[in-house]
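Novice: Could you put together the complete structure from these sequences and hints?
The listed protein sequences derive, respectively, from chains A and B. Position in the first sequence (first residue = 1) + 637 = my numbering. Position in the second sequence (first residue = 1) + 637 = my numbering.
If you are wondering where the hints come from, they were derived from the structure by calculation, not from laboratory data. Just so we're clear, the structure is a prediction, and the values are computed from it rather than from any experiment.
As the list makes no split between identical chains, a pair holds if one copy fits it or if it spans any two.
Simulated pairs of lysine-lysine, DSSO-like, Cα-Cα distance not exceeding 30 Å: (1) 656 <-> 692; (2) 647 <-> 677; (3) 647 <-> 701; (4) 647 <-> 692; (5) 656 <-> 641.
There are 2 protein chains.
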Amino acid sequence: MQLKVQVFLKAAVLDPQGKAVLGSLHSMGFTEVGDVRVGKVFSIQVPDGDPETVKLRVEQMAAKLLCNPVIEEFAILP
Amino acid sequence: MQLKVQVFLKAAVLDPQGKAVLGSLHSMGFTEVGDVRVGKVFSIQVPDGDPETVKLRVEQMAAKLLCNPVIEEFAILP
Chain A
638 MQLKVQVFLK AAVLDPQGKA VLGSLHSMGF TEVGDVRVGK VFSIQVPDGD
688 PETVKLRVEQ MAAKLLCNPV IEEFAILP
Chain B
638 MQLKVQVFLK AAVLDPQGKA VLGSLHSMGF TEVGDVRVGK VFSIQVPDGD
688 PETVKLRVEQ MAAKLLCNPV IEEFAILP
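Specialist: Written out as structure tokens, the structure is:
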């Protein structure tokens, strides 16, 4: 099975890449866009198993390697 | 409302960053991981509206700015 880990900068942390994308979207005519945040996503292939166990294991991967808890937060998606 | 655009390299395109993460996970003991792909995710804040119209608009943003269709593909998530 495949799980996705999304990692974003915390809301309180300035996201200059997001601001740059926002500026580009505005200048291309997408003026309705209010804000953009840019993050990373990891698509992780793991063997099938008990969903709770697998999710816990992927949470450990996120906490130990994929996410810097000082400035980032993560979410696990199917 | 907020929509997310996930951008990954196409499956046929080598993802060295994913391979590096895979190697790190293996060396940390997460040996069950079969593959990792790394992508970008854009969280886009747009005004509420007809969901189909909003999604179409975000698709245009993805196709014109966020995704390089030569080597990448995108998906729009709630």
